[in-house]
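Spelled out from the first residue to the last, the chains are:
There are 2 protein chains.
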Amino acid sequence: MVNKQVKLVQRPVGLPDESTWTLESNPIPEPAAGEIVIENHYISLDPAMRGWMNDSKSYIPPVQIGEVMRAGTVGKVIKANNHPRFKEGDFLSGWGGVQQYSLTDGKNYYPVDPNVAPLPMYIGTLGMPGMTAYFGILEVGKIKEGDVVLVSGAAGAVGSIVGQIAKIKGCKVIGIAGGQKKCDYIVNELGFDGAIDYKSESVRDGIKRECPKGIDVYFDNVGGDILDEALAKLRMHARVVICGAISQYNNTTAIKGPSNYLSLLVNRATMQGMVVMDYVKDYQKAAFEMGGWIMQGKLKSKEDVYEGIENFRETFLRLFNGDKMGKLVLKVKE
Amino acid sequence: MVNKQVKLVQRPVGLPDESTWTLESNPIPEPAAGEIVIENHYISLDPAMRGWMNDSKSYIPPVQIGEVMRAGTVGKVIKANNHPRFKEGDFLSGWGGVQQYSLTDGKNYYPVDPNVAPLPMYIGTLGMPGMTAYFGILEVGKIKEGDVVLVSGAAGAVGSIVGQIAKIKGCKVIGIAGGQKKCDYIVNELGFDGAIDYKSESVRDGIKRECPKGIDVYFDNVGGDILDEALAKLRMHARVVICGAISQYNNTTAIKGPSNYLSLLVNRATMQGMVVMDYVKDYQKAAFEMGGWIMQGKLKSKEDVYEGIENFRETFLRLFNGDKMGKLVLKVKE
Numbered sequence: 428m429v430n431k432q433v434k435l436v437q438r439p440v441g442l443p444d445e446s447t448w449t450l451e452s453n454p455i456p457e458p459a460a461g462e463i464v465i466e467n468h469y470i471s472l473d474p475a476m477r478g479w480m481n482d483s484k485s486y487i488p489p490v491q492i493g494e495v496m497r498a499g500t501v502g503k504v505i506k507a508n509n510h511p512r513f514k515e516g517d518f519l520s521g522w523g524g525v526q527q528y529s530l531t532d533g534k535n536y537y538p539v540d541p542n543v544a545p546l547p548m549y550i551g552t553l554g555m556p557g558m559t560a561y562f563g564i565l566e567v568g569k570i571k572e573g574d575v576v577l578v579s580g581a582a583g584a585v586g587s588i589v590g591q592i593a594k595i596k597g598c599k600v601i602g603i604a605g606g607q608k609k610c611d612y613i614v615n616e617l618g619f620d621g622a623i624d625y626k627s628e629s630v631r632d633g634i635k636r637e638c639p640k641g642i643d644v645y646f647d648n649v650g651g652d653i654l655d656e657a658l659a660k661l662r663m664h665a666r667v668v669i670c671g672a673i674s675q676y677n678n679t680t681a682i683k684g685p686s687n688y689l690s691l692l693v694n695r696a697t698m699q700g701m702v703v704m705d706y707v708k709d710y711q712k713a714a715f716e717m718g719g720w721i722m723q724g725k726l727k728s729k730e731d732v733y734e735g736i737e738n739f740r741e742t743f744l745r746l747f748n749g750d751k752m753g754k755l756v757l758k759v760k761e
Numbered sequence: 428m429v430n431k432q433v434k435l436v437q438r439p440v441g442l443p444d445e446s447t448w449t450l451e452s453n454p455i456p457e458p459a460a461g462e463i464v465i466e467n468h469y470i471s472l473d474p475a476m477r478g479w480m481n482d483s484k485s486y487i488p489p490v491q492i493g494e495v496m497r498a499g500t501v502g503k504v505i506k507a508n509n510h511p512r513f514k515e516g517d518f519l520s521g522w523g524g525v526q527q528y529s530l531t532d533g534k535n536y537y538p539v540d541p542n543v544a545p546l547p548m549y550i551g552t553l554g555m556p557g558m559t560a561y562f563g564i565l566e567v568g569k570i571k572e573g574d575v576v577l578v579s580g581a582a583g584a585v586g587s588i589v590g591q592i593a594k595i596k597g598c599k600v601i602g603i604a605g606g607q608k609k610c611d612y613i614v615n616e617l618g619f620d621g622a623i624d625y626k627s628e629s630v631r632d633g634i635k636r637e638c639p640k641g642i643d644v645y646f647d648n649v650g651g652d653i654l655d656e657a658l659a660k661l662r663m664h665a666r667v668v669i670c671g672a673i674s675q676y677n678n679t680t681a682i683k684g685p686s687n688y689l690s691l692l693v694n695r696a697t698m699q700g701m702v703v704m705d706y707v708k709d710y711q712k713a714a715f716e717m718g719g720w721i722m723q724g725k726l727k728s729k730e731d732v733y734e735g736i737e738n739f740r741e742t743f744l745r746l747f748n749g750d751k752m753g754k755l756v757l758k759v760k761e
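Residue numbers (the working numbering), protein chains in the order written: chain A, 428 to 761; chain B, 428 to 761.
Don't take every hint at face value.
A pair counts as met if it fits within one copy or between any two copies, since identical chains are not told apart.
[Stated by the list, open to error] With a Cα cut of at most 30 Å, we get these calculated DSSO-like pairs of lysine-lysine:
{"id": "1", "residue 1": "Lys-599", "residue 2": "Lys-484"}
{"id": "2", "residue 1": "Lys-484", "residue 2": "Lys-571"}
{"id": "3", "residue 1": "Lys-708", "residue 2": "Lys-725"}
{"id": "4", "residue 1": "Lys-683", "residue 2": "Lys-626"}
{"id": "5", "residue 1": "Lys-626", "residue 2": "Lys-594"}
{"id": "6", "residue 1": "Lys-683", "residue 2": "Lys-635"}
{"id": "7", "residue 1": "Lys-635", "residue 2": "Lys-484"}
{"id": "8", "residue 1": "Lys-708", "residue 2": "Lys-569"}
{"id": "9", "residue 1": "Lys-514", "residue 2": "Lys-431"}
{"id": "10", "residue 1": "Lys-708", "residue 2": "Lys-640"}
{"id": "11", "residue 1": "Lys-683", "residue 2": "Lys-569"}
{"id": "12", "residue 1": "Lys-626", "residue 2": "Lys-484"}
{"id": "13", "residue 1": "Lys-596", "residue 2": "Lys-729"}
{"id": "14", "residue 1": "Lys-683", "residue 2": "Lys-640"}
Hint data in this document are derived by calculation from the structure and do not stem from the laboratory. For clarity, every value in this text was computed on a predicted model and none was experimentally measured.
Make the full structure from the sequences, and use the hints.
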């Protein structure tokens, strides 16, 4: 048995390619005193990972050349050496990285229960994307009953939860997604009030049709032209939540800034950025509340699971070509 | 005696030119019952006027072709016909427009006292620009002692007051202005802690020098590249107040959006627009407090007064070529 690890070899310009990562087979590590070894079952694939590969100041240090690619994981403790919190057989979620086995002191890991929810859900709706949605739409978006909420990346791991939480809170919710299948999914399965298919229609026309009185809260996962179209239709005192900008992450030229930002002035609106890690002390409360919604059938969670650490790059690229549905997960346990 | 009036003839593309306005001489109007006629002494020239000339949705309807150009004014009632609030001899400030005499029912006018402050100050520090500064930096910028505050257009009617209020509140204040004279003025006369001359140095280098630990509050009057440079140096939980974008008002191409807007995400920062009219119910309180600061010598007000309604266009253009110091005012009383 070996530990297959994906390490960063070269910082990509634009989309990652064959020269970006290398797959190494190394011995499975042994834990020193106070350490554990985790067998990773599932790896979370998130758009933010693309940002962590750039050598620039951000909310977290960049992944260094030669390091295992950073990623959220969920797995099982297979060896523990006098660890104060964890023992063999525990299931944990944390930052295990793109590798089959992680050696760690357990800091920033927390226990999960495979009997309560399937493991992939702990890196999806009950993990970082779900927390991002929860705190983003409630704390930053400050939604209230009757608000018109527009969300981009609406069939994705974050957007699908954002929209469902806004529905639970009594908002009118419109999603922007790519393709008929995703649009049908968010309306028919998730209960959104409307959908805009950016691949087959003008987003401007779609917003006019679905939000004729304008937008109270826009939750942005994509940036670019879609952000500009949303800004153009803000209502007074609207809130724009900047969660991400997936359309811009692989740019080889300057990021496109929102030309319509003066709509913030005209409409006395607010654009605010968020990083989920700021809310870590309230994760448990949020997971509890979202778990309740899931059990009541009010919140649906969808994971799109692919297999094989060898397929990491190809699977990761689905984040950017849109060829996935819900939370993208890679199963790396063989 | 006639009433010289400046009327909008054609919407400008880019900077207003000879074909934009016409100067007409018309009879001085007579007030009907409940009306007054005001002899305008001073007209306020503000960057926002450029926006009011565009035929697009904004926070106020556009000036229509053939209408007197909208402007804030201060003047004296010369005729009153059974007016419930005002009588001959009263001095009033309001929206008199670019003309020598205004006929009005007095709505949106309020009395001012020339014995308390010089008339031009009522359309400057004690008028719209001063109110914009006061509510913008206190209510939207939410400054607190020790904050590093950066303000663009720092020698202008709004920026100069923003910076001084921030100093009164115990902030470190850096101003961006064009030319050595303005930079000397804000540091030596107004007490700013530092200045960046965007005409003679890189704003990026200037911000690094003057705000080595970054910016807590950026008050933006200009937009464009300077907004981008400020975004690049935000501190955690920074606030960006969008008051205006003078660099973009005469664009003949699309407005430049802030490419660095994702700094809002990285730094959990907020960008919020404001329009001063929202605070009208608190104007009096603000004027009272600012009047106190002026009397105590803590707040300095500078008006740059030009003469002659015939010189309206040429004087107005000083807003955009930077050739003025403090609040730009046109005296139209002959």
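Cross-check of the supplied hints:
no.	hint	result
1	Lys-599 to Lys-484	between (37 Å within a copy, 24 Å between copies)
2	Lys-484 to Lys-571	between (35 Å within a copy, 26 Å between copies)
3	Lys-708 to Lys-725	within (25 Å within a copy, 44 Å between copies)
4	Lys-683 to Lys-626	both (19 Å within a copy, 26 Å between copies)
5	Lys-626 to Lys-594	within (25 Å within a copy, 51 Å between copies)
6	Lys-683 to Lys-635	both (23 Å within a copy, 24 Å between copies)
7	Lys-635 to Lys-484	between (38 Å within a copy, 15 Å between copies)
8	Lys-708 to Lys-569	both (19 Å within a copy, 26 Å between copies)
9	Lys-514 to Lys-431	within (23 Å within a copy, 88 Å between copies)
10	Lys-708 to Lys-640	between (37 Å within a copy, 27 Å between copies)
11	Lys-683 to Lys-569	both (27 Å within a copy, 29 Å between copies)
12	Lys-626 to Lys-484	between (33 Å within a copy, 28 Å between copies)
13	Lys-596 to Lys-729	within (21 Å within a copy, 51 Å between copies)
14	Lys-683 to Lys-640	both (27 Å within a copy, 27 Å between copies)
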